[in-house]
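Novice: Following the hints, complete the assembly by docking chain R onto the known chain Z.
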Amino acid sequence: MIRFLSIRLLRAVVTVLAVMTFAFVVLRMSGDPAQVLLGPDVPQNVIDDFRAAWGLDRPLAQQYLSYLGQIVSGDFGISMRDRSPAFELVMERLPATLQLTVPALLLQLCIGIPAGIYAALHRDSLIDRGVILLAVAGFTIPSFVLGLVLVLIFAVTFSMLPSGGFGSVWHGILPTITISIGGIGILARFSRSAMIEVMGQPYIRTASAKGVSWRHVISRHALPNAAVPIVTIVGFMVGSLVAGAVVTETIFSWPGIGRLLIVSVSNRDLAVVQCILLMIAAVMVVSNLIVDLLYGWLDPRLRTQPAH
Amino acid sequence: MTLALDETRPRRPVLSRLAAIPATVGFGFLWLGFMAVCALFADLIRPYDITQMDLMARLAPPGSPGHWLGTDELGRDVLSRLIQSIRVSLVIAFGATILSALFGTTLGFLAAQFRGWVEHLVVMLADFQAALPFLIMSLAVLAFFGSSMWLLVCLMGFYGWERYARIARGLAISAGAQGYAAAVVQLGATPSRVYLRHILPNVASTLIVSMTLTFPEIILMESGLSFLGLGVQPPESSLGNMVGFGREYLTTAPWVMLAPAVVIMLTTLSISLVGDWLRDRLDPTIR
Numbered sequence: 001m002i003r004f005l006s007i008r009l010l011r012a013v014v015t016v017l018a019v020m021t022f023a024f025v026v027l028r029m030s031g032d033p034a035q036v037l038l039g040p041d042v043p044q045n046v047i048d049d050f051r052a053a054w055g056l057d058r059p060l061a062q063q064y065l066s067y068l069g070q071i072v073s074g075d076f077g078i079s080m081r082d083r084s085p086a087f088e089l090v091m092e093r094l095p096a097t098l099q100l101t102v103p104a105l106l107l108q109l110c111i112g113i114p115a116g117i118y119a120a121l122h123r124d125s126l127i128d129r130g131v132i133l134l135a136v137a138g139f140t141i142p143s144f145v146l147g148l149v150l151v152l153i154f155a156v157t158f159s160m161l162p163s164g165g166f167g168s169v170w171h172g173i174l175p176t177i178t179i180s181i182g183g184i185g186i187l188a189r190f191s192r193s194a195m196i197e198v199m200g201q202p203y204i205r206t207a208s209a210k211g212v213s214w215r216h217v218i219s220r221h222a223l224p225n226a227a228v229p230i231v232t233i234v235g236f237m238v239g240s241l242v243a244g245a246v247v248t249e250t251i252f253s254w255p256g257i258g259r260l261l262i263v264s265v266s267n268r269d270l271a272v273v274q275c276i277l278l279m280i281a282a283v284m285v286v287s288n289l290i291v292d293l294l295y296g297w298l299d300p301r302l303r304t305q306p307a308h
Numbered sequence: 001m002t003l004a005l006d007e008t009r010p011r012r013p014v015l016s017r018l019a020a021i022p023a024t025v026g027f028g029f030l031w032l033g034f035m036a037v038c039a040l041f042a043d044l045i046r047p048y049d050i051t052q053m054d055l056m057a058r059l060a061p062p063g064s065p066g067h068w069l070g071t072d073e074l075g076r077d078v079l080s081r082l083i084q085s086i087r088v089s090l091v092i093a094f095g096a097t098i099l100s101a102l103f104g105t106t107l108g109f110l111a112a113q114f115r116g117w118v119e120h121l122v123v124m125l126a127d128f129q130a131a132l133p134f135l136i137m138s139l140a141v142l143a144f145f146g147s148s149m150w151l152l153v154c155l156m157g158f159y160g161w162e163r164y165a166r167i168a169r170g171l172a173i174s175a176g177a178q179g180y181a182a183a184v185v186q187l188g189a190t191p192s193r194v195y196l197r198h199i200l201p202n203v204a205s206t207l208i209v210s211m212t213l214t215f216p217e218i219i220l221m222e223s224g225l226s227f228l229g230l231g232v233q234p235p236e237s238s239l240g241n242m243v244g245f246g247r248e249y250l251t252t253a254p255w256v257m258l259a260p261a262v263v264i265m266l267t268t269l270s271i272s273l274v275g276d277w278l279r280d281r282l283d284p285t286i287r
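Chains as they are written, first to last, in full-length UniProt numbering: chain Z, 1 to 308; chain R, 1 to 287.
In case anyone wonders, no lab produced these hints; they're calculated from the structure. Think of the CB as a built atom: it goes at the ideal place given N, C-alpha and C, for glycine as much as any other residue. Among the hints, erroneous ones may be present.
[Stated by the list, open to error] Covered stretches of chain Z, going by a simulated chain R footprint (3 or more residues, C-beta under 8 Å): (1) 6-20; (2) 41-48; (3) 71-81; (4) 149-160.
Chain Z with its partners taken away, still in its complex shape:
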């Protein structure tokens, strides 16, 4: 287990480093932020001063090394637009994004998994078919369409909820639903197939045959085994939540990190974009590490097995 975890940890660090390098190279290779920020009619000497002030005139490798040095010492650079530290800008927006994504993740877990398991245990019943159809519909509807349709129904037609903005609990309802629906569908479908697969295994038949109660078979034999693949997919869903936040925050003018990313990307605000990408990568890597830890807890076989 220790060996397994240390290899995973090493891979996680390498991955974050790779994302950092990718973000750095792509953002530097693709054109001059000076031109976008200063506008087209600026004299050359102003542009040169700007480039010198931000270190953009140095060779790429040198810029990269000093960037790495800064990151290690906890300095994420300064926003070219606001002149304030990029990390602070991102942290200011973080609570708003968490207000959407945390309830959305809880909704996904509390609705998706039970619905899938119930459907699996009542396979081919009317409810099972209903769950499958709703699940497929849930993840095939694009979040931007769902968001706009919800606005059209609940804000425009019935004036029940605000169509955008930030402030009260009411503002959060439509965006949270918009982010969570796709994941609920995926989780329901996935839990259903994981559970169906487990229920077909010989050990379930053995348990039933030796007289274990049905409730006990489900809770002690089936669920723990179905949990491993379900936990895997939850780890991946954290990423789709982050991506969903970008689109949803745009629709509902929600002042979170996704909105900040879109604005900074169009302003070519290098430090802010890099900081956000790095943070997202770190969140993803950590959530995958947590999934790995959960594997060890859920599946005793993995604790002793060497890593592959």
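Specialist: The following block gives chain R in isolation, referenced to the frame of chain Z:
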């Protein structure tokens, strides 16, 4: 594919075989066929040019004379733009799905052939892909490099490759253990011949099933990016950017946004239904 399948089963009358297809899957096939016709013959069935403006009939509701699905804010025919958008979105999704399958399968086979550090490299690339949500990565690349059709297809072509790589690697390794691959190696076949002529046909059905998974996801990804204004650029039009621009007129002219939205939903839904059905019949790993 169905032909090959039928040879192994007792022949049944055509009608009963058709009846065996669930209604939802039948609908999926019909809708996809309809979409394919729209994409192939877009130039012929489009009533107007996509940029042709009818300024007297701006934001005309659906059912107006000459404009079945109404017009947008510049009086451009929504139906014509929709047909063209279907073509653009499907071409991008199709091209990208093929690219992603090619790329992923190649890497998977390479990993299976060479093992060792090549395999580690592929795993590392997959880790990298998993660490940055694809939408976010494409957002950064497109915003900084500017969006062109080619860049968009190539970028989308990186979506989901790791799925093919994993499948191709796993199946190639198990094929190596099954004897038929080892037998042709013994006969002196080159690795490329072994992989392309012997292993690939044996794993193709599984790969095709994963293509039905990737295809709708790429449509959603492209339309999401276009919705955010970073995908297909005007005057060209895609399903996502129609929704994006239609959003401005959500209250006064919802049809501008609803028409492409419905098409996106029905298309992705159809592919998922058909794909699930195909997987149940073709995928040897879940039988």
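Novice: Hints first: check each against the structure and report whether it holds.
Specialist: Consistency of the hints with the structure:
no.: 1; hint: 6-20; verdict: holds (count 6)
no.: 2; hint: 41-48; verdict: violated (count 0)
no.: 3; hint: 71-81; verdict: violated (count 0)
no.: 4; hint: 149-160; verdict: holds (count 4)
Figure legend: structure checked against the earlier numbered hints; hints not met, in rising order: 2 and 3.
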